[in-house]
Every structure is written in structure tokens, then in C-alpha cells.
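Undergrad: Here's the letter readout for the chains.
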Amino acid sequence: MSRTSVLALTLAALLPACTRENPRTAAAETATARADTTRTTQAANGAATSISIPGRDPEDGQWIRPAKDYASTRFSGLDQITTTNAASLKLAWSFSTGVLRGQEAAPLVVGSTMYVVTPYPNILYALDLTKPGAPAKWKYEPKPLAAAQGVACCDVVNRGAAYADGKIFYNTLDNQTVAVDANTGKEVWRTKLGDINNGETITMAPLVVKGKVLVGNSGGEMGVRGWLTALDAGTGAVAWRAYHTGPDSLVLIGPRFKPFYKSDQGTDLGVKTWPPDKWKQGGAGMWGWISYDPALDLIYYGTANPGPWNPELRPGDNKWSSTTFARDPDTGEAVWAYQVTPHDLHDYDGINESILLDLPWNGQQRHVLVRPERDGYVYVQDRATGEVLAADTFGIVNSTLGVDLKTGRPKVNPEKEPITGKVVREICPASPGTKDWQPSAFSPRTGFLYIPHQNLCMDVESVEANYIAGTPYVGMNVKMYAGPGGHRGEFDAWDPIARRKVWSIKENFPVWSGALVTAGDVAFYGTMDGWFKAVDARSGKPVWQFKVGSGIIGQPITYRGPDGKQYVAVLSGVGGWTGAIVAAGLDARDSSAALGMVNAMRDLPNATTKGGTLYVFALP
Amino acid sequence: MMTVITAMTARGVVMGAMVVVASVTTLLTTAGSPARGAPRVLRVCADPNNLPFSDSTGAGFENRLATLVAGEMRATVAYTWWAQRRGFVRNTLNAHECDVVMGVPTNFELTAVTRPYYRSSYVFVSRRDRRLGIRSLDDPALKHLTVGVQLVGDDYANTPPAHALARRGIVQNVRGYQVQGDYRLPSPPARIVDAVANGDVDIAVAWGPLAGYFASRERVPLDIVPVSPEMDPPALPFVFDISVGVRRADRPLRDTLNAILVRRRASIDSLLRAYGVPLVKTKELR
Chain A
2 MSRTSVLALT LAALLPACTR ENPRTAAAET ATARADTTRT TQAANGAATS
52 ISIPGRDPED GQWIRPAKDY ASTRFSGLDQ ITTTNAASLK LAWSFSTGVL
102 RGQEAAPLVV GSTMYVVTPY PNILYALDLT KPGAPAKWKY EPKPLAAAQG
152 VACCDVVNRG AAYADGKIFY NTLDNQTVAV DANTGKEVWR TKLGDINNGE
202 TITMAPLVVK GKVLVGNSGG EMGVRGWLTA LDAGTGAVAW RAYHTGPDSL
252 VLIGPRFKPF YKSDQGTDLG VKTWPPDKWK QGGAGMWGWI SYDPALDLIY
302 YGTANPGPWN PELRPGDNKW SSTTFARDPD TGEAVWAYQV TPHDLHDYDG
352 INESILLDLP WNGQQRHVLV RPERDGYVYV QDRATGEVLA ADTFGIVNST
402 LGVDLKTGRP KVNPEKEPIT GKVVREICPA SPGTKDWQPS AFSPRTGFLY
452 IPHQNLCMDV ESVEANYIAG TPYVGMNVKM YAGPGGHRGE FDAWDPIARR
502 KVWSIKENFP VWSGALVTAG DVAFYGTMDG WFKAVDARSG KPVWQFKVGS
552 GIIGQPITYR GPDGKQYVAV LSGVGGWTGA IVAAGLDARD SSAALGMVNA
602 MRDLPNATTK GGTLYVFALP
Chain B
50 MMTVITAMTA RGVVMGAMVV VASVTTLLTT AGSPARGAPR VLRVCADPNN
100 LPFSDSTGAG FENRLATLVA GEMRATVAYT WWAQRRGFVR NTLNAHECDV
150 VMGVPTNFEL TAVTRPYYRS SYVFVSRRDR RLGIRSLDDP ALKHLTVGVQ
200 LVGDDYANTP PAHALARRGI VQNVRGYQVQ GDYRLPSPPA RIVDAVANGD
250 VDIAVAWGPL AGYFASRERV PLDIVPVSPE MDPPALPFVF DISVGVRRAD
300 RPLRDTLNAI LVRRRASIDS LLRAYGVPLV KTKELR
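Quick mapping for you: the protein sequence lines, in order, are chains A and B. According to this note's numbering, the stretch in the first sequence is residues 2 to 621, in order. According to this note's numbering, the stretch in the second sequence is residues 50 to 335, in order.
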């Protein structure tokens with residue numbers, strides 16, 4: 002499909018942005034100019050406006066945080082690899098992490114060193130890119146408690162590290178944030194933020210903003226209380242913590258809080274929208290992505306599902322579960338909040354990435370965040386106010402019947418409400434949503450969002466006995482399966498301005514890897530049966546693929562090596578919620594294992610085996 | 050949903066039939082003495098902090114049962130300790146860290162099970178001095194009393210009383226306690242019984258074995274009354290059979306255990322009574 006809007010290059014509009022950033026090298030400057038040569042579009046008033054990425058540093062060939070930039074685009078300005086030459090990509094070198102669990106992390110490249118963090122036991126490796134084969138310089142082992150493995154809900158994954166001020170920051174499964182000297186591999190500090198004894202774990206990748214390391218917890222499945230915590234990057238001391246349920250004083254809601262929609266306005270909604278005291282076990286963790294807009298000086302992130310599961314036990318909106326927050330990074334104060342899914346019925350966490358863009362919208366240039374959400378909608382929101390400008394489905398959705406833009410609330414489909422003792426069939430999307438944690442990428446050159454996601458529906462039926470701490474109870478028997486079309490995954494290009502899918506690649510298994518897109522107009526992703534793929538970012542046409550050792554659920558990155566060449570790297574190693582049947586050796590006969598996921602993934606063990614290897618590719 | 054009830058009943062019948070077959074087989078192959086290759090060590094996975102079921106000092110009734118069973122097998126007990134939460138079976142029994150889990154529901158899907166060795170019920174727990182006399186979930190008093198129930202976090206599942214009360218619109222006066230509790234404290238699930246004794250809640254609904262055990266250790270007398278109905282229509286059971294769990298493929302061990310559970314029926318009953326387990330009588334367990 003082609004866009005009807007006029008495409009033109011507006012270099013002039015972008016040059017000030019390039020020059021003020023004082024790029025390191027001429028090469029970087031060129032790359033930046035090319036990279037930020039944004040697609041322009043004809044606005045209603047006839048003035049050409051363009052899509053640009055706020056707060057983006059000039060392209061320097063590095064990859065210092067999982068999403069590459071603060072706007073979470075996963076877009077690289079490197080352009081040596083193009084749709085024309087990508088077909089000749091070859092394996093440059095590989096590295097075994099020694100850990101055979103789900104590898105969800107993005108490798109980092111800082112200067113001439115690559116950093117790789119593994120799933121539990123969360124080893125950090127530093128690889129020397131100046132030497133042939135990139136041998137390890139050192140490894141750091143935080144030695145997390147083994148018991149943490151029993152607490153993690155969905156495999157013992159880690160989504161990566163972040164670099165700032167000479168240190169690598171990341172989280173361990175047993176709730177510690179560590180800072181490691183990027184040169185020596187020596188631990189600088191470690192801070193314990195939660196307790197596995199309460200059911201808490203940490204799997205997310207931190208973001209470092211203005212000298213603060215931002216970290217959230219996992220464990221909604223265990224009835225924990227969710228939070229986001231800021232640590233001083235220099236010392237590891239806790240600067241602030243914002244809880245996601247409870248009174249305003251604990252949620253850090255104060256005089257600056259101005260939510261756009263009426264149902265998000267009021268005092269102590271984190272208490273009042275729950276039955277008495279239930280907020281204390283209300284879930285709403287934060288195990289996904291954080292973005293930052295330096296101009297507005299706000300961070301953006303979403304919270305996870307509420308607990309307990311049975312929605313009848315928690316009448317009310319259950320704030321602030323499944324909510325997007327805008328906060329001041331210095332103080333943690335909430336500036337606005339938007340509850341995406343009030344009173345969640347289906348385990349639709351709201352933790353997905355917020356991609357920050359400045360784009361033309363009905364004749365005006367708007368500062369927005371774009372979020373392909375678990376509930377199956379791509380939300381476009383004004384990031385200063387939280388106003389929802391659009392919410393359009395990007396997959397099969399019947400659990401809701403649209404989002405009311407006047408109230409901001411989804412229209413719940415009562416026919417798909419799971420009730421104990423009632424059989425409800427064909428709820429779409431299934432609990433992992435149309436898209437789970439796997440992050441999208443956005444190219445300012447094509448104007449498209451590249452969304453890796455799944456196509457799963459579910460039946461919720463009958464009961465079975467479960468057993469925890471000596472107490473038997475009944476479970477809903479959840480069975481997930483491929484949605485309409487029979488394929489379980491998709492890799493889509495989405496146009497946020499035209500509000501429609503541009504092209505779509507169907508995959509047999511859920512696409513559980515992250516996406517990457519480059520200034521060479523090549524988009525990369527991986528499949529759970531182990532194919533690493535490059536496609537033309539404009540057309541979706543396949544241009545290259547390589548079969549790696551184990552299924553891919555990691556986040557591909559690209560970087561410029563010390564030799565000046567562009568490389569593409571990805572971790573292979575199946576696992577995660579979808580891949581637990583292989584990584585954790587679950588029983589394929591137990592259809593409701595992994596919360597019903599095993600039913601949908603029964604054939605995965607025939608398609609791939611465990612692994613944990615980094616693959617790095619380059620042109621010959 | 051009625052098919053579920055039928056299936057559970059049918060399974061009970063099938064289990065009964067298997068017991069007969071198993072006993073005969075065991076007699077034929079072992080003839081009352083340890084069979085060739087019989088394990089000299091009974092490898093048990095258990096929670097180190099989960100009284101009255103098990104703890105690391107061996108003080109739980111499942112510890113005592115393991116000792117009893119091992120004695121019958123002329124074996125000693127070796128423990129692998131793991132908190133009994135989600136992933137317990139995957140990380141212990143199915144990871145071959147051990148061969149038995151001493152207690153699992155008989156209609157559990159993650160393991161093969163022996164014949165049930167006891168049947169218990171969810172119970173109402175209240176202070177005797179309150180004289181509440183509540184026996185049924187339909188007692189109108191539950192609408193205004195403060196009721197404690199255990200919750201299991203977000204696992205597509207909750208305890209039967211949590212569901213049953215919610216269905217009756219009893220939500221605002223319900224207080225939630227986590228089944229897994231705070232594991233840093235001894236006997237984490239006991240908090241709900243403490244809450245009844247110290248007046249935080251008027252009444253609680255909890256699984257019988259834990260309620261019976263902890264109620265007898267409170268400083269005030271507590272009443273334990275089985276919840277009725279036993280099956281809240283259409284398919285919410287308040288009564289569960291409990292078996293020993295083994296790996297699905299481990300039929301010889303299951304058969305050996307079945308024979309022991311039949312042979313030592315009387316001792317097992319006294320053991321359970323000594324721990325205050327409220328037992329529901331059933332023909333299938335005789």
C-alpha cells in the first residue's frame with residue numbers, strides 16, 4: 002500500500018537539530034542528517050510538516066540502551082546495510098552466553114565494547130570489539146538468589162542493561178539493581194529494591210535519565226504491589242519511589258497532576274477504586290519500557306495488570322493498574338495518567354513501549370506518544386496532556402468494541418467477560434494481548450511503526466485443581482490457540498498518521514522478538530523457530546534470513562564497529578512466556594501450563610531447542 | 050460445567066479400581082519385601098516453611114507421612130526444599146530433584162497421583178466467644194461481617210471462598226490474605242487465622258488442614274466449621290481429595306505408594322487427626 006500524502010525531504014528543517022548537538026565526527030554528522038531526514042507529509046493547511054524524533058542524539062554508531070534513544074524508536078541512522086546489499090549479510094562472529102533460558106535482552110555497544118546480560122543468573126559479559134572474534138574482556142556475576150527462579154512468572158528472563166556515566170546498570174531477578182564499571186567490570190554499587198518472599202522479581206531493563214536509574218518490579222501474578230523506583234546513578238541510593246496503587250501520597254500524585262479524562266481525576270483513586278484494602282495486593286507492577294522527552298522533561302511508562310485475577314473480587318476501576326503515567330524524572334511526581342484498561346478482565350498489562358514522535362495531525366504538529374498496546378489498539382496520545390487522539394486495532398479484537406475518545410475508556414464486550422464457572426470461548430486477543438513486551442521500532446524515513454506481535458485467542462473454561470502453599474483451589478482452564486488465519490505471529494508496518502496497517506508478514510509462531518529499523522531502510526526481527534530476518538522497511542519484502550541455533554526472542558541492534566563497518570547483532574535462545582515450553586521443559590500434554598500458553602505452543606519443541614548465543618552479522 | 054463434577058467423581062471411581070489392581074501387582078512383585086531395585090532413599094520435595102504440611106525440621110504431617118512411607122519401603126527420606134508456589138512441580142519433581150511430593154490435590158494435572166489419603170474441606174473459622182454459628186455461604190450474616198479469605202494473586206485462579214463470596218456480591222466487607230504470605234515469617238499462610246483470633250476479621254474461610262492446625266494454637270478458642278455446600282453450583286468445590294504426587298511416568302512408584310497408603314490407613318488417619326486436619330468421611334478412602 003502506498004501513502005497518498007506527499008513525500009519530500011526537508012533537510013533544512015532538521016539542520017538546526019543536527020548542528021546544535023555538536024556531533025563527534027563528520028561521519029556521524031552525515032549519518033545523522035540522513036537518519037533524521039524525516040518523511041514529510043502535506044498537512045491540511047498546505048504547509049509541509051514532518052515526523053521527527055524528539056530528543057534524539059546524533060547517530061554515533063553506538064547502542065547504549067535497549068531502545069537506542071530516549072524516544073524508544075530502535076531506529077539506527079547507520080545505512081551501510083541497505084535493502085540492496087542485505088542479501089549478502091554474513092555471520093561475522095558469535096558468542097555463547099552459557100545460559101540456556103529465554104534471551105530477551107538487547108546487547109549494548111559503548112565505544113568499542115559490547116555488553117551482554119543473560120537471563121538468570123544474570124551474568125554480564127564485556128566483549129572486545131577491537132579484536133577478531135570479539136573475545137570477552139571480563140564477566141561480572143551478581144549471583145542472584147536461586148529461589149528467585151521459583152517466583153518469576155514467565156521464564157527467568159532479563160530485558161537488558163543501560164549505559165551512562167561510565168557504568169552499566171541492570172537488574173537481577175532477585176530484585177537488585179547493580180552498577181558495574183564499564184571498563185573494569187568491578188561492581189560500583191548494588192541496591193536491593195524488593196523481596197522474592199513477597200513474590201517480587203525484576204526482569205525489566207532500566208532507563209537512566211538525568212542521573213537517575215529508573216526501575217520497576219514484576220510479580221502481579223503473585224499479588225505484589227507495583228512501583229517505579231529512581232536510584233541515584235552515582236551511589237545507588239533510592240531517590241524516590243512511586244507506587245501504582247494506594248493513596249496519592251504514595252503514588253506521588255500532587256498539585257501538578259492533571260489527567261485529561263474525568264475518570265482519571267480525583268483524589269486517592271488508587272484507594273477508592275478498590276474494595277477496602279485490596280489495593281495492598283493490587284498488582285500493577287512495571288516490567289516494561291520507559292521513554293523520556295527532554296523538552297517536556299517527562300518520563301512515560303505503563304503499569305501492569307491488577308490482582309487478584311478474578312475481576313469480581315475487585316469491583317471498581319482498580320487504579321492505577323494498566324495505566325500510562327507521565328512523571329517528572331527528578332521527583333517522580335505524576336503529571337498525567339491515563340488508565341488504558343480500567344478494571345482489567347483479561348490480564349491486559351499496560352507495560353508496552355511508548356514511542357515519542359512529533360508528527361502532523363489534522364493540520365497541526367503534535368507531540369505524541371504512540372503505543373501498540375496489549376489490548377490490540379495502537380494508541381496515539383498527546384504526550385503533554387494524555388489526550389487520546391486515536392486508538393485503532395492492529396489485530397483481531399473482540400474483548401472490547403472500540404475506545405470511546407470522549408471518555409478515553411474502552412467499550413468492554415460483556416460476552417467475552419470471563420466468569421468463574423462459565424465457559425467463554427474465542428476471547429481475542431488472549432492474555433498476552435495482540436502484543437506483549439516485544440518492542441516495536443519506528444523509522445522517521447518511512448514514517449512506519451514496525452510491530453512484532455502475536456495472533457492468539459483463548460478459551461476460558463472449566464476448572465482444575467491448583468495447589469500453592471498447601472492450599473488447593475480452582476483454576477480457570479485457559480487454552481490459547483492461533484487466532485483467525487491460523488498463524489500465531491505477525492510482523493507489521495503501521496502508519497500512525499493514516500492509522501492503518503501498511504503491510505503484514507504472517508509467521509507461524511508468535512513474533513516474540515524485538516524489532517529494529519535502520520536508515521538503510523531495512524527492518525530486522527527474529528522468529529521463535531530461529532530465523533533472523535531482514536525485510537524492506539517500505540514494502541515488507543524479505544531481503545535476507547539466517548537460521549540461528551535456537552528461537553529468537555531477543556532485541557536486535559545495529560552498531561558501527563571500530564573498523565567502521567555496520568554490524569547487526571541479536572541474541573538467540575528461546576524462552577519467555579511463549580517459549581517456556583522449551584526453555585523450562587514444560588509438559589506439552591498440560592494444555593493449561595504457562596497460564597494456557599502451552600496449548601498454543603505445543604509444536605515449538607519440534608521447531609527449536611534451548612540455546613543462548615549471540616550472533617553478529619556484517620556485509621562481506 | 051456438570052461434566053467437570055462427573056469427571057471428578059469418575060476419577061475417584063477409577064482411582065478406587067486402580068488401587069485394587071495396584072495392590073495385587075505390588076504383592077506379586079514385591080511379596081512384602083523390598084523389590085529388586087527398590088529405592089533405598091525416598092526422595093521428597095517439600096516446602097521448608099509451610100506448617101502444618103512440612104517444614105525443614107520435619108515437624109509437618111507430610112514430613113511424618115514421608116517417614117512412615119519410607120519405613121514401609123525400608124528406605125530413608127531425603128529432602129529437596131522448595132517453596133510450594135507456581136513452578137514448584139516443574140522445578141522439583143519434574144526436574145528429577147525428587148520422586149514424590151507428599152500432598153497434591155487428587156485432580157491435579159501436573160503430576161500422576163496416588164489414591165487419595167485424605168479428604169478435607171474449606172472451613173469457617175471464628176472465635177468461639179462470638180457464637181456466630183455460620184455454616185453456609187448463604188448465611189445472610191456474611192453480608193455484613195468482615196470476612197477474611199485467601200487470594201492467590203493473579204494466576205487465573207482464586208480460592209473457592211473468594212469466588213463464592215464475590216458471586217454473592219459479598220466484596221466490600223471481604224479482606225484478602227495471600228495464600229503464600231510473607232515467606233520471611235514462619236508459617237506464612239497462618240496470618241488469616243491470626244486475624245480471626247485478634248479480631249481483625251469476624252470470620253475467615255480457609256483450607257481445613259491449615260485452619261485446624263493454627264486454630265488450636267491461638268490463645269483464644271476458635272470454632273472450625275466445614276463450609277456448606279460442599280460444591281457451590283455449578284462447579285466450585287469446597288472439598289478436595291489429597292494424594293501423593295509422582296511423575297507421570299513413575300507408575301511403579303505410584304503402585305508401591307498406593308499399597309502402603311492402604312496398608313497404613315489407620316496410622317495415617319491418626320496422624321492427620323493429631324494435626325487437627327478436619328477430615329471429611331468418604332467411602333473412597335475406606
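It is worth saying that the hints were derived from the structure and are not from the lab. It should be emphasised that the depicted structure is a prediction, and the values quoted were computed from it without experimental measurement. Don't be surprised by glycine CBs; every beta carbon is placed ideally from N, CA and C. One should not assume that every hint holds.
As the list claims (entries may be wrong) - Derived CB-CB ranges, DEER-like: (1) B:ASP187 x A:ARG603: 38 to 44 Å; (2) A:PRO316 x B:ASP187: 16 to 22 Å; (3) B:ALA144 x A:ALA88: 40 to 46 Å; (4) A:ARG242 x B:ARG184: 42 to 48 Å; (5) A:GLY212 x B:ASP187: 39 to 45 Å; (6) A:LYS211 x B:PRO278: 55 to 61 Å; (7) B:THR195 x A:ASP269: 18 to 24 Å; (8) B:ARG268 x A:ARG191: 54 to 60 Å; (9) A:GLN266 x B:ARG217: 18 to 24 Å; (10) B:ARG217 x A:GLU427: 55 to 61 Å; (11) B:SER105 x A:ARG257: 58 to 64 Å; (12) B:ALA144 x A:TRP532: 42 to 48 Å.
Undergrad: Does each hint hold? Answer for all of them.
TA: Verification of the hints:
{"no.": "1", "hint": "B:ASP187 x A:ARG603: 38 to 44 Å", "verdict": "holds (42 Å)"}
{"no.": "2", "hint": "A:PRO316 x B:ASP187: 16 to 22 Å", "verdict": "holds (20 Å)"}
{"no.": "3", "hint": "B:ALA144 x A:ALA88: 40 to 46 Å", "verdict": "holds (44 Å)"}
{"no.": "4", "hint": "A:ARG242 x B:ARG184: 42 to 48 Å", "verdict": "holds (45 Å)"}
{"no.": "5", "hint": "A:GLY212 x B:ASP187: 39 to 45 Å", "verdict": "violated (59 Å)"}
{"no.": "6", "hint": "A:LYS211 x B:PRO278: 55 to 61 Å", "verdict": "holds (60 Å)"}
{"no.": "7", "hint": "B:THR195 x A:ASP269: 18 to 24 Å", "verdict": "holds (21 Å)"}
{"no.": "8", "hint": "B:ARG268 x A:ARG191: 54 to 60 Å", "verdict": "violated (42 Å)"}
{"no.": "9", "hint": "A:GLN266 x B:ARG217: 18 to 24 Å", "verdict": "violated (33 Å)"}
{"no.": "10", "hint": "B:ARG217 x A:GLU427: 55 to 61 Å", "verdict": "violated (29 Å)"}
{"no.": "11", "hint": "B:SER105 x A:ARG257: 58 to 64 Å", "verdict": "violated (50 Å)"}
{"no.": "12", "hint": "B:ALA144 x A:TRP532: 42 to 48 Å", "verdict": "violated (30 Å)"}
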